[in-house]
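Protein chains in written order, with our numbering: chain A, 4 to 737; chain B, 4 to 737.
Take these hints with a grain of salt, some might be off.
In this list, chains with the same sequence are indistinguishable; a pair is considered to hold if it fits within one copy or across any two.
As the list claims (entries may be wrong) - 20 Å max Cα-Cα, derived EDC-like pairs, lysine to aspartate or glutamate: (1) 341 x 89; (2) 287 x 235; (3) 650 x 731; (4) 341 x 364.
Read the hints as simulated data drawn from the structure, not as lab findings.
2 protein chains.
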Amino acid sequence: MAQASAKPNRNPAPDLVSTEKFNHLESIAVNFSRRDAETTNLVLRTVRCLIADLCEQFKGGHPGSAMGMAAIGVALWKYVMRYSPENPNFFNRDRFVLSNGHTCLWQYTFMHLVGYKSMTLDQLKSYHSTRTDSICPGHPEIEIDGIEVTTGPLGQGIANAVGLAMATKHLAATYNRPGFNLVSNTTWCMVGDACLQEGVALEAISLAGHWKLDNLIVIYDNNQITCDGSVDLANTEDANAKMAASGWEVLEVADGNDNVEAIVAALVAARSSKSGKPVFVNIKTTIGVGSRIAGDARAHGAAFGPQEVANIKETAGFNPENSFVIPDTVYDFFSDVKGHGWQLENDWAELVAAYGEEHLDLASEFALRVKGEFTEDWTQIVPAKENFPATPTASRKSAGLVCNPLAARLKTLMVGTADLTPSVNMVWKGKVDFQHPNLRPSCGITGDYTGRYIHWGVREHAMAAISNGLAAFNKGTILPVTSSFFMFYLYAAPAVRMGALQRLQAIHIATHDSIGTGEDGPTHQPIELAALYRAMPNLLYIRPADSEETAGAFVAALSALDMPTIISLSRQSLPQYPDHSSRDGVLQGAYIFIEQHNADVTLIGVGSEMRFAVRAREILRDRFGLAARIVSFPCQRLFERQPREYKTRVLRYREGIPRVVIEAYAANGWERYADAGYSMSSFGHSLPGEAAYKYFGYEENLIASRISEFVSEVKRSGIDSIRGEFRDLNIRDH
Amino acid sequence: MAQASAKPNRNPAPDLVSTEKFNHLESIAVNFSRRDAETTNLVLRTVRCLIADLCEQFKGGHPGSAMGMAAIGVALWKYVMRYSPENPNFFNRDRFVLSNGHTCLWQYTFMHLVGYKSMTLDQLKSYHSTRTDSICPGHPEIEIDGIEVTTGPLGQGIANAVGLAMATKHLAATYNRPGFNLVSNTTWCMVGDACLQEGVALEAISLAGHWKLDNLIVIYDNNQITCDGSVDLANTEDANAKMAASGWEVLEVADGNDNVEAIVAALVAARSSKSGKPVFVNIKTTIGVGSRIAGDARAHGAAFGPQEVANIKETAGFNPENSFVIPDTVYDFFSDVKGHGWQLENDWAELVAAYGEEHLDLASEFALRVKGEFTEDWTQIVPAKENFPATPTASRKSAGLVCNPLAARLKTLMVGTADLTPSVNMVWKGKVDFQHPNLRPSCGITGDYTGRYIHWGVREHAMAAISNGLAAFNKGTILPVTSSFFMFYLYAAPAVRMGALQRLQAIHIATHDSIGTGEDGPTHQPIELAALYRAMPNLLYIRPADSEETAGAFVAALSALDMPTIISLSRQSLPQYPDHSSRDGVLQGAYIFIEQHNADVTLIGVGSEMRFAVRAREILRDRFGLAARIVSFPCQRLFERQPREYKTRVLRYREGIPRVVIEAYAANGWERYADAGYSMSSFGHSLPGEAAYKYFGYEENLIASRISEFVSEVKRSGIDSIRGEFRDLNIRDH
C-alpha cells in the first residue's frame, strides 16, 4: 500500500472550520426518497447479476453472501461511509474492513461503481482469472487501493478493525483540540456468521467493548449459512445477548436483502449513537438472494452454473443473453460519491491548515505522523554498548533497557503485553495506559486514549491481530510493540503471519525463549517454534545473545519498515560479551564473534545458548587441544540477504572447517549453515532452567567432548565424508 | 498415562444394579455439619500454609490462586467428585481439569491429602526442585496418575474438558441402556480469569452450550487478578451474562474463600441441575488469602518471602518455625475418600457384570473400548491399491476414499470438520451427526449423542483442543479425526502441539496444502507451516503424493498410537503412480520411487509436487541427456527413524549423486536431505492453481533446466564443491 498522504491544502480556509461540514452525509440519509428506493432496487439487481456473472466466467468464487450483502453495500458506499474514491489514502477516511474476505467481489464491485480508478470493469472480470495483473484476488489484499487490510482467514478482519478504531481514538485524543477534530473517522467492519465463531474475533470483541470504542461499527451479515449448511449445526447461542454482555450496543435490521433505507437508518444511528459503546448491527440477509438456491449453503462457495445464472438474470429483469451489464442509471446513482469525497478532503485540508495556525507544534508533529515518519531520531535513543551493565543480564531485561527509552520518547510506539507486565520489562517511567478515561478510576485504574501502554489481557492472538490494525491505519503512523512469552506467539501465529504477509511493521517481544525458562515446563518451552518463524517470509526472527545484540535486534526491527520482527529473549541471566558482540553484526544476521586462525571447528552460538559455545571453546582448547572459532548467528533471514562473499567469510565452510550449531531448539533449518548440531529432538521438561539445560545435555564439558569426537572424525576421514549428512551431536534425548 | 482398566469384578451382583448407588456422595454434601465446618477451616489453613511453604523453599511458583482455591479444593476432592484415589484410571471416574494449570500445587496438595499413592509429601516438596523424578512439575502433566490432561497454556484445559464431557455423552449414548448407566461421570473444570479471555476457551464455551453438555461443570475461580493486576485493566465484560448467552446455566458463590458448605451446595446443584445445560459456577475468591498481600497481583506468581510466610502461618494459627505441617486431623478428614472410591469401583464393576449378562454383544464391544482397542481390524478396511481410480485424483478425495469406510466401521473414530464438509470429503454414507437430540429437528437438523460426525463450526483451535479431550478420556477409546485447510492448522497449532506433547493419538486431515490451492490466494497458501510441524516432536506430518501414499499415511496414522498425525492433502487433482507409489514406503518416511542406475541426480518429490519431479525427470533425460532417480519423501520424522543403512540407500548421497528437493514450500529443514531445493521463498499469490505454480516457477521445463545447470556444475566441480552450501534453484522469487 502506498504511503498515505494528506491532500494538499487547495482552498485555505479563512476562518476556523467546524466539524459540522462532516455531517452532510447524514442529511442524505435522512432525505432518502422514494426515487432512491426505485433506483436502489435496480442497483441491487445489477450487483447480484454482475456477481453471478463474475463467478460464472471461471466457475468459482463466493457469490452467495456477496449477493446477499448488496443492499448493505449500497448503504455503505453510497450513503454512509466517508471516503474519497479518487484518493483512497485520504488520511481521515472511514476505514472499511471486510472480515468475511471471501465475499470480496462484493467490495470490488462497489469500489468499481463509486469510481476507484484502478477498479475497472475489466479488472472485475479478472477475478479468478489467470491474469497476474489482477487487483481482484480471491481475498482482499492491502496492496490494492481502497483495501485497508488483507483478510481471508476468518476472525482476523474484525480484530484488525478494532486496531483501526483504536488508532483513531488514540490519534484523536493526542492531536484533536476543541474545534479541531482532525482525526474523526469511523471504522466499519463487515463480518459473517463464521467470523463470530473464531476465537481471535471473540477476544477482539471483548477488548473493543472494554475500551468502549464507539467509533467502531461491526455489521453482521446474518445469513445463518456457512459451508456446512445452517449455522444451527454448530452455533445456537444468542449473538445479540453475547455482544451486549461484552459491552456492545446492538441494533437490528430485519430485512437486509432489500431495505436499503432501513440499513442506512441503522448505520447512521450506529454512528451517531451516544451509548459510548462499539455498535453491532445485526442485519438479516439471505445468501444467494435472487437465485433459486437462496438461503442454501450451495450458494456459498461455488458458481451457480449457466442455467441458474440465466434464471437469476431473468428473475432480476435482465436479458440472460447479456453478461456483466451495468446500466448507466446505476453508474449515475453513484456519481455523487466522488464529489462528496472531494468535499471531505477539502474540508479536512482546511481544518488542518487552520489547526496549523492555532497549534503550531502539534501540527508539525501531526504532519510527521501523517507522513509515517518518526517524530524523533531513534538512532540517538538506542543505548550505546558502554551503557549496558557488564554483569550477567537476562536479555528480556536488556530489551527493557533498549525499548523503555524508545517508548518514552517515540510517540509512534504503542507498547503492550498479553498480561505479562512483570515479566517482559516493557514499562517505561511515566507510561500512560491506553484505556477509556472513565474506566475504573475509583479502583485506581488510570489511563486514557492518549495512553501508549496496552493491557491486552490474556489474548495473544488478538494482541497480534489488533496490532496489525494499528499498523495498517496509515503505514508508519503507529508502530505496535507486543509482548508475551515466545511460546505464546504460537497462539498469535496466524496474526503474526498476516502482519508479515501485509508487510506491516511491528515488534514482537518474545521472552522466555528456551528450555532455560525452566520450571514452567514443556508447555512453556519452545522447541520447534523458531522453525516456523525462520521459515516465514517477510519476517525477522532475531535471537540476541547479550545486551549489545539486543540493541542490534531493535535497530534491525526499527529499520525494517516493511516487516514485523520477533525479538526472542531469555528469561534467565546471560553473560555479556562486550569484547565480541556487535549490534552491526546483528544487522548482517551472523558475524564472526571470536575468530581463530588455524581453526579446527566453527561453533555457531545462538541467543541464550551462546554461553555454551563460549565455554565449549575454552574446554576444546584446554582439554582437547582444538582451536574453535565462534560465529554468532542471531537472524537467518538477515544473513540470507548478505552477499555470498560475506557468508563464505563468516562461515568459512569452503575452507574445510566443520561447523557445529549449538541451540536448545529443534535443529530444523540449521542444516543450511552447519554440518552438525547440538540441538533438541524432544519437548522440554519442568526443571529449574539450569537443571533443564543439564537434563538435555547442555553442559559445556559434554558439549565439548561430543564436538571433539566429531572434529576427530572429520580430521580422520576428511570434511567431505561428513558433508551431505547433518549430524546430531546431542545424545541426551529424553 | 497408563492404559485405563475397568476393575475386575470383585463382587458379582446378583441382580440389576441401579444407578442410585452413585448418589451416596450427594447425601454427604447434604449432611454437611457444624463439625465439618470447623475441621474444614483447619484444612483450609493447613493447605494455605503448605502452599506458601512449598513455594518458599525454591523461591518460586504460583501460590496465590492455589491458596484462594483451597475451599473449592475441599469441596471437590472431599465432597463432590466421584473418583478412586487408589485407582486413578477407574473408567467411570469424574474427570477433573485444571485449566489454570499454574495453580497445580493446589491439585497436587489435594491429591496428596486424599491418598493418591504416588503423591507423597516428599513429592510435594519436589515442586520447583531439581529432582528429575518429580511428579510435581510447574504445570500438571498427563503422565502423572490423577492428572487427566496436561495444561498450562491458558484456555486449553477448558477446551479439553469440553472434549472429556463429549466423550462421556457419546459413550453413554452408545452403550448405556435402561438401568445401566455404564458411563455417567461428570467433568469438572477449574478456570481462572485468564482462561476466560483466551479465544480457544471462548470457542469451546460456544460449542459446549450448543451441544448442551450438562455433564460439564466449569468452576470459575473469580479472584479478579491476573499478572498485570486487576482484571478490570483488560476485561470489564459481564461474564455471567456472556455465559448465559452462550447457553450455559450460571450459579454463583459469594464467599469462595471459606464457605465450603456453600461451594458444595453450588457444585451439587450444578451436577443435579435439570437445566440441560453446562453449568458455570462463578465463585468469588481472594488471591493469596491469608497473606498480607491478599487480593494483590504480587500474590500471583512468586513466593511470598520468609517474613510473609511466617506471618501467613502465624495468622493461620501455626507455628512459623515449622514448615510443611499437616495435622493428623487433616489426613483424618479425608480418610473416607478412599473407601468411597472403592465403593464406586465396586458398584461399577457390578454394574458392568450385570450389563454383560443382559447386553452380551454390547458388553464385549464396550470392554474393547475400555481397553482402548479397535473393535474391528482396520487393516482389512483400508482400500487396496487396485481399488483406487487410476485417473488423476485430488489427494483430499483419496483421503475420503480411505477414511470414509474406516469411519463407517470403526466406532472409535469421531470425525469432524471446521465447517469444511464440502471440501474435505470426510462424510461417509450413513454418518450421524454428534448433536443434542432435540437441537433443531424442525429445521431438518438431525443427530444425537451417538453421532460420530462433528460440525465444529469455524473454530479450528477449539476443534483440535477439544479433540485432545476426546483422545484423553481413556487412551484408545476415541480416536478423533479433525479436518480443515492446512493453512488453518496454524490457528489450531497450540492445541495440536498439546496433543503431541501428551502423546495423544489424533488424525488431522489438512487439505488445500500448497500454492496449488489457487485462487484463495496467499492467505490460504501454506508456505512455511510445514516447517513448524516437521520440527514438532511426537508428531507425524505426512504429505502423500497419490492415493496409494494416502492409504500409507492413514496406516501410519492409525498405527501411531502415541502421537498425532497431520495428513497433508491437495485440493487439486494429482496424477496417480500405481507403478511407483507404495504405502509401505510411506511408513519408512521416504523411499525409492523410481530407481536409476548411473544416476546423475536424485530428485526428491513431495506430495502434490511429485508430478514436477516425474516430468522433470523425463525432460532431463530427453532434453539434457541426464539420468535422474526419484525419491518420494512424504514424512521426515518416519524417515529419521530408519536405520542409517536405509537412509543411505534411499538418498545415495554417499555415492556423489546430488539431491534436489522439489516442493512448493519454504526449503527450511530439507537441507538435511538435499543439496539443493526448488522451493518457495515468498508468500503465495491469488491465481488458479496451475497458474500459481507457473507464476512461482513450478513448470517442468524450467525446473529441468535449472536442475541440469546444477548437475553440470556438480559434474564440472565435483560433488564436494556444492556440499556445505544449500542451493536455491528457484529463481522465480516474487
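Structure-based check of all given hints:
{"no.": "1", "hint": "341 x 89", "verdict": "within (7 Å within a copy, 77 Å between copies)"}
{"no.": "2", "hint": "287 x 235", "verdict": "within (15 Å within a copy, 34 Å between copies)"}
{"no.": "3", "hint": "650 x 731", "verdict": "between (23 Å within a copy, 15 Å between copies)"}
{"no.": "4", "hint": "341 x 364", "verdict": "neither (33 Å within a copy, 75 Å between copies)"}
Taken one by one, the earlier hints fail for this structure only at number 4.
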